[in-house]
Amino acid sequence: MPAKWLRRRRPGSLPVVLTGNCHSQQAVIAGVGSGGLGLVWMDCHADFHTPETTESGYFDGYGLAMVVGDCWQTLCATVPGFVALREENVVLVGVRDMEAGERERLERSAIRRIGAGETPSRVWSQCSW
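The opening position of the sequence shown corresponds to residue 1 in the working numbering, with each subsequent residue numbered one higher.
Treat the hints with care, as some may be off.
Okay, the calculated beta carbon distance ranges per label pair [what the hints assert, rightly or not]:
| # | residue 1 | residue 2 | range |
| --- | --- | --- | --- |
| 1 | Arg-86 | Ser-24 | 19 to 25 Å |
| 2 | Gly-12 | Arg-108 | 32 to 38 Å |
| 3 | Arg-96 | Gly-20 | 17 to 23 Å |
| 4 | Val-83 | Met-42 | 19 to 25 Å |
| 5 | Leu-75 | Leu-37 | 16 to 22 Å |
| 6 | Glu-88 | Ser-56 | 26 to 32 Å |
Think of the hints as simulated: they come from the structure by calculation, not from any bench.
Beta carbons are placed, not taken as given, at the ideal position from N, Cα and C, and that holds for glycine.
Let the hints inform the model, and build the full structure from the sequences given.
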């Protein structure tokens, strides 16, 4: 998405971006701007691994960790305008599958979580930004 298109949104509007890959988020955040941005991350996997916690090394498992600046900072810096989000501005929805290291990181984080079996109306109650 071109940054100029995303920045044209009207004040008070709610940009919704649905993607099929966990690594498009840096470009979306760069285009929208991270100031005051909140993120609802919907995935059955937490995508909160770092190279130190992953058991598989699967790159898509780093997506959310990259968004909050916990890993791959040099790679993320190649996206013009990308600034990591604060953990407090992230709600993780639908996660049901995590490895131990990833679960420990999430428990220590400020990211709010809504489980796969919880009611969807809880999502908006967690979005305070």
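Satisfaction of the hinted span 19 to 25 Å by the C-beta atoms belonging to Arg-86 and Ser-24: Holds: the Cβ-Cβ distance is about 20 Å, inside 19 to 25 Å.
Hint check for Leu-37 and Leu-75 - Cβ pair distance inside 16 to 22 Å: holds (20 Å)
Consistency of beta-carbon spacing, Arg-108 to Gly-12, with hint 32 to 38 Å: At roughly 34 Å between Cβ atoms, Arg-108 and Gly-12 fall inside 32 to 38 Å, so the hint holds.
Range hint 17 to 23 Å (beta carbons of Arg-96 and Gly-20) holds or violated: For Arg-96 and Gly-20 the Cβ distance comes to about 19 Å; the hint holds.
Range agreement (Cβ of Ser-56 with Cβ of Glu-88, hint 26 to 32 Å): holds (28 Å)
Cβ separation of Val-83 and Met-42, checked against the hinted range 19 to 25 Å: holds (22 Å)
This entry satisfies every hint, going by the numbered hints stated previously.
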